[in-house]
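Construct the complete structure from the given sequences, taking the supplied hints into account.
Sequence lines, in order, name chains S and L. The opening position of the first sequence corresponds to residue 1 in this note's numbering, with each subsequent residue numbered one higher. The opening position of the second sequence corresponds to residue 1 in this note's numbering, with each subsequent residue numbered one higher.
Just so you know, these hints were derived from the structure itself, not from any lab. There's no promise every hint is true.
As the list claims (entries may be wrong) - The calculated PhoX-like cross-link candidates involving lysine-lysine, where the alpha carbons are at most 25 Å apart (straight line), are:
(1) Lys147(S) with Lys125(S)
(2) Lys64(L) with Lys49(S)
(3) Lys71(L) with Lys32(S)
(4) Lys221(L) with Lys276(S)
(5) Lys163(L) with Lys164(S)
(6) Lys64(L) with Lys36(S)
(7) Lys212(L) with Lys276(S)
(8) Lys126(S) with Lys175(S)
Only a predicted model underlies this, so the values are computations on that prediction, with no experimental measurement involved.
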Amino acid sequence: MFESLSSKLEKAFKTLKGQGKITEINVAETIKEIRKALIDADVNYKIAKQFTDTVKDKALGQNVLTAVSPGQLLVKIVNDELALLLGGQTADVNLNGNPAIILMAGLQGSGKTTHTAKLASFIKKKGKSVMMAAADVYRPAAIEQLKVLGQQIDVPVYFENENKNPVSIAQNALKKAKEDGVKVLIVDTAGRLSIDEEMMAEIGNIKKALSPQEILFVVDAMTGQDAVNTAKAFNDVLNFSGVILTKLDGDTRGGAALSIKSIVDKPIKFIGTGEKIEALDVFHPDRMAQRILGMGDIVSLVERAQEVFDEEEAERIQKKLLKDQFTFEDFYTQIQQIKKMGNIKDLMAMIPGVGKAVKDLDISDDSFKHIEAIINSMTPAERKTPDIINGSRRKRIASGSGTDIQKVNQLLKQFEDMRKMMKTIGKFQGSGRGMPKMPFMR
Amino acid sequence: MGIFSFFSKEKKEKLDQGLEKTKTGLLSKISKALVGKSAVDDAFLDELEEILVTSDVGVETTLKIIDRLQKRVARDKYINSTELTALLKEEISALLDENHTGLQNSFDAAPIAKPYVMMVVGVNGVGKTTTIGKLANQFKKAGKKVVLGAADTFRAAAVEQLKIWGQRNDVMVVEHGMNTDPAAVAFDSVKAGMEQGADVIIIDTAGRLHNKVNLMNELSKIKRVMGKVIPDAPHEVLLVLDASTGQNAFEQARQFTAATEVTALALTKLDGTAKGGVVIGVADQFKVPVKYIGVGEGIDDLQLFDKHEFVDSLFKTEA
Numbered sequence: 001m002f003e004s005l006s007s008k009l010e011k012a013f014k015t016l017k018g019q020g021k022i023t024e025i026n027v028a029e030t031i032k033e034i035r036k037a038l039i040d041a042d043v044n045y046k047i048a049k050q051f052t053d054t055v056k057d058k059a060l061g062q063n064v065l066t067a068v069s070p071g072q073l074l075v076k077i078v079n080d081e082l083a084l085l086l087g088g089q090t091a092d093v094n095l096n097g098n099p100a101i102i103l104m105a106g107l108q109g110s111g112k113t114t115h116t117a118k119l120a121s122f123i124k125k126k127g128k129s130v131m132m133a134a135a136d137v138y139r140p141a142a143i144e145q146l147k148v149l150g151q152q153i154d155v156p157v158y159f160e161n162e163n164k165n166p167v168s169i170a171q172n173a174l175k176k177a178k179e180d181g182v183k184v185l186i187v188d189t190a191g192r193l194s195i196d197e198e199m200m201a202e203i204g205n206i207k208k209a210l211s212p213q214e215i216l217f218v219v220d221a222m223t224g225q226d227a228v229n230t231a232k233a234f235n236d237v238l239n240f241s242g243v244i245l246t247k248l249d250g251d252t253r254g255g256a257a258l259s260i261k262s263i264v265d266k267p268i269k270f271i272g273t274g275e276k277i278e279a280l281d282v283f284h285p286d287r288m289a290q291r292i293l294g295m296g297d298i299v300s301l302v303e304r305a306q307e308v309f310d311e312e313e314a315e316r317i318q319k320k321l322l323k324d325q326f327t328f329e330d331f332y333t334q335i336q337q338i339k340k341m342g343n344i345k346d347l348m349a350m351i352p353g354v355g356k357a358v359k360d361l362d363i364s365d366d367s368f369k370h371i372e373a374i375i376n377s378m379t380p381a382e383r384k385t386p387d388i389i390n391g392s393r394r395k396r397i398a399s400g401s402g403t404d405i406q407k408v409n410q411l412l413k414q415f416e417d418m419r420k421m422m423k424t425i426g427k428f429q430g431s432g433r434g435m436p437k438m439p440f441m442r
Numbered sequence: 001m002g003i004f005s006f007f008s009k010e011k012k013e014k015l016d017q018g019l020e021k022t023k024t025g026l027l028s029k030i031s032k033a034l035v036g037k038s039a040v041d042d043a044f045l046d047e048l049e050e051i052l053v054t055s056d057v058g059v060e061t062t063l064k065i066i067d068r069l070q071k072r073v074a075r076d077k078y079i080n081s082t083e084l085t086a087l088l089k090e091e092i093s094a095l096l097d098e099n100h101t102g103l104q105n106s107f108d109a110a111p112i113a114k115p116y117v118m119m120v121v122g123v124n125g126v127g128k129t130t131t132i133g134k135l136a137n138q139f140k141k142a143g144k145k146v147v148l149g150a151a152d153t154f155r156a157a158a159v160e161q162l163k164i165w166g167q168r169n170d171v172m173v174v175e176h177g178m179n180t181d182p183a184a185v186a187f188d189s190v191k192a193g194m195e196q197g198a199d200v201i202i203i204d205t206a207g208r209l210h211n212k213v214n215l216m217n218e219l220s221k222i223k224r225v226m227g228k229v230i231p232d233a234p235h236e237v238l239l240v241l242d243a244s245t246g247q248n249a250f251e252q253a254r255q256f257t258a259a260t261e262v263t264a265l266a267l268t269k270l271d272g273t274a275k276g277g278v279v280i281g282v283a284d285q286f287k288v289p290v291k292y293i294g295v296g297e298g299i300d301d302l303q304l305f306d307k308h309e310f311v312d313s314l315f316k317t318e319a
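Here it is as structure tokens:
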């Protein structure tokens, strides 16, 4: 799925190639593809339209330098704009108050209760005492759920089994939190539809009763076009202070993030990345931009690699990658480490633009045996400078490793491919932030 | 009257209310798009594209609908908005073509299997447990004996939640408590249901994101063990989709189908502003019928899906 945009753009960019200037005509097809991709990622139709119009305006008339293809230039503009829209200052959660009160709000099933507990655990780890209040009196076992989660993370939960009035539960919880000298009170509320006037009035009253420091709108990352309506309706009633985007560990592209950000201009403060209590992360606008554009998940790949690779080694190799000095010796070391990381093809598929390429590449784990044998049959000079491996050297390596010339040729080709991919990673890391260059724009 | 005769007027109104927003939006836009025009022009198609896309129908399905519409118009030569609306309805209905063979098509229909075993699957928070509570109510009302299986042993208090629905409906709930093996719960539920002479057995499962391989494997296993008690079970695998979900519903359908061979869809939360248009594409692509829709939080807020009513409600001129 992630490959789709890359390949579509690649196709669209072909029409741009060899043209010196971005014009209305040569950009039209590409802009259309970008808009389609955004809509497929669940960015709101109108916002996608506005967005691509902005991109077009910025792109029109720009001179295309020889070093940069029009496609590259355009994607840079797209990426910059997207990160800009999603970004702004990364807002922290406001915990100033005695106690600081956080009110959770959102539709049914968006993950409020789970994230109430995640947030409580997060704050507790910061060294502040936390209490959770169970003000969802409607959904069966919602109070029970919060109590169970409270036990798991060892955070007290305020609840009243008999009280059916969320406003008074919230008030009583605040009283209790004050008595107990708790620093932060997080109030879980029932899921509600934005068109349910009675329920929206209710949460408005909870807000009035508590004057919370933070009101967090909890929204499912898989939400479609309706995200704008819902976010706007909740914001109209609550003027919320931030957003928690949940279920981002799925494979949704999460265009709702862009829609919400554009429509209410409130920061996305946290993202939910799993069912475990710890699976709460701060929001990275640049990663989100890449995700919406379907550019693969280069950052995750690098992170996963870092988990397994020892750091010094990684740094050494990274330097080499940047300088394009990657050799068969490094390759050999890497094979040993990659073997530890799991399925190779999966890992490579995470590199943008590469997914398609590895599909046809034969990189089964078994092929390592031959690879290792072939590398072992090379001279140190050959490992360092593969370019010198000519026909007769190939013959020698083949017989030395007990394989055949085809296998050696295949490996040399794979190595070349690998080097290209690694160069891509190197570029991303080397550039620091954003995505200045896309791998498919060579 | 057929299988939908049980629809009370009241229920229809509820669905209409839920879809009201969609309806007025679509209609006013269609009429607006048509003012002073006698042929389908690009401006109208743009407008239609916007209408469909903002209902989460998705780019691909939208283009498909527009393409079919254009062909029909070229052939049939439409004249006015009423006829165009009818054409649109037909084309969308065609994509929702249902295939209900082998499924229990209404709550009071003669059983195609006894017990009829249903397995309910979906991502987190779509409303699986609530849908089961409502299903149990409908089947019970239709005079069926229902047994529920609490195989969501993962999410905090999920078993508790199902038990409350069990009490509300006065039906038996088979449970092993939290953090137990869900496959064992499913096995015992089907077994207990059989022994109790149940007509319908509904198995709840934990919400899971479809890209978690291990969790999807677990789901396949839960399904498999039911077949050990009754060879054909489960007779129905119901994938619950949230109407507010966007294009990710396709991936959900793909992965859940791969893991459990989904046979029917339930579309929940249609009483909100979300339009659930994504089911049109999902039903079309995976050839899976939409069977139930959720239109509220009450125990009665579940209806059998009927494509004609669904599409009619979308395009009806007056409420």
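Evaluated hints:
For the hint linking Lys147(S) to Lys125(S), the alpha-carbon distance of about 19 Å falls within 25 Å, and the restraint holds. The suggested pairing of Lys64(L) with Lys49(S) holds, with an alpha-carbon distance near 20 Å, which does not exceed 25 Å. Restraint check for Lys71(L) and Lys32(S): satisfied, since their Cα atoms lie roughly 23 Å apart, inside the 25 Å limit. Between Lys221(L) and Lys276(S) the alpha-carbon distance is near 22 Å, which keeps this suggested pair within the 25 Å criterion.
Taking the CA atoms of Lys163(L) and Lys164(S), the gap is near 20 Å; set against the 25 Å cutoff, the hint holds. Taking the CA atoms of Lys64(L) and Lys36(S), the gap is near 14 Å; set against the 25 Å cutoff, the hint holds. With a CA separation close to 13 Å, the supplied pair Lys212(L) and Lys276(S) stays within the 25 Å bound. Restraint check for Lys126(S) and Lys175(S): satisfied, since their Cα atoms lie roughly 23 Å apart, inside the 25 Å limit.
Against the hints set out earlier in the document, no violation occurs for any number.
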